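Sequence lines, in order, name chains C and D.
Note that the first sequence covers residues 1 to 109 in the working numbering.
Note that the second sequence covers residues 110 to 224 in the working numbering.
One or more hints might be untrue.
[To be verified] Taking lysine to any residue and the SDA-like style, the derived pairs with C-alpha atoms no more than 25 Å apart in a straight line are:
1) C:Lys96 x C:Thr21
2) C:Lys96 x D:Gly151
3) C:Lys96 x D:Thr224
4) C:Lys52 x C:Val106
5) C:Lys96 x D:Gly181
6) C:Lys3 x D:Gly151
7) C:Lys96 x D:Gly125
8) C:Lys69 x D:Arg173
9) C:Lys52 x C:Phe99
10) D:Lys120 x C:Gln42
11) D:Lys166 x C:Thr21
12) D:Lys123 x D:Ala162
13) D:Lys187 x D:Ala162
14) C:Lys54 x D:Lys166
15) C:Lys96 x C:Thr72
16) C:Lys3 x D:Gln146
17) C:Lys96 x D:Arg124
Since the hints were derived computationally from the structure, they do not count as laboratory data.
Being a predicted model, the structure only gives us computed values, none of them experimental.
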Amino acid sequence: LAKTTQPISMDSYEGQEVNITCSHNNIATNDYITWYQQFPSQGPRFIIQGYKTKVTNEVASLFIPADRKSSTLSLPRVSLSDTAVYYCLLTDSWGKLQFGAGTQVVVTP
Amino acid sequence: GAGVSQSPRYKVAKRGQDVALRCDPISGHVSLFWYQQALGQGPEFLTYFQNEAQLDKSGLPSDRFFAERPEGSVSTLKIQRTQQEDSAVYLCASSSGLADILEQYFGPGTRLTVT
């Protein structure tokens, strides 16, 4: 599985939109782009997954350009409870996950 | 509905002791994964089961680590002769195994401290 690169940390204020960009230059044809969220003392939680273009759910949006070499997770109007580590991963057909260090997002009042 | 559960939540072992960590996946989930998470790091893949078959154990760090899922549901991760470097959170995850549904559901983890 190809590796991903994402910022180590990001700070935001409540109510703002947070965009986390992930680079994956060596993404394979059968790779999906998946994002997980992890709070302290909890296991990671699936947020969103996409293959190309744009995916939106009740939690976030995922933007993937045509070349698929990067992706951007967008968290609209964050709250204090969105403070967590966010992981960008590439997943293949049977789902083995290869986590990096993730992006620590800190939301302040 | 019940999620993935793990027990114990915390385990303290003296160096050299054997430990067994249990994972109860979501009922009906075919796929089961074990990960190891060191402090401040992302989880690292250890092993993968599809039903009772262990299809990938490439992430197990040494032959002291052994995992089983004999009936295709509950899984146990066993670590023999624990070492200090084994101290970590051990996460279990399960998924339906369907090719178009790749979401994994994680348990809360077992924090192992080797003294």
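Problem - Hint numbers not upheld by this structure, sorted from lowest to highest - result: Hints 3, 4, 7, 8, 11, 12, 14 and 17 are the ones this structure does not satisfy, whereas the remaining hints hold.
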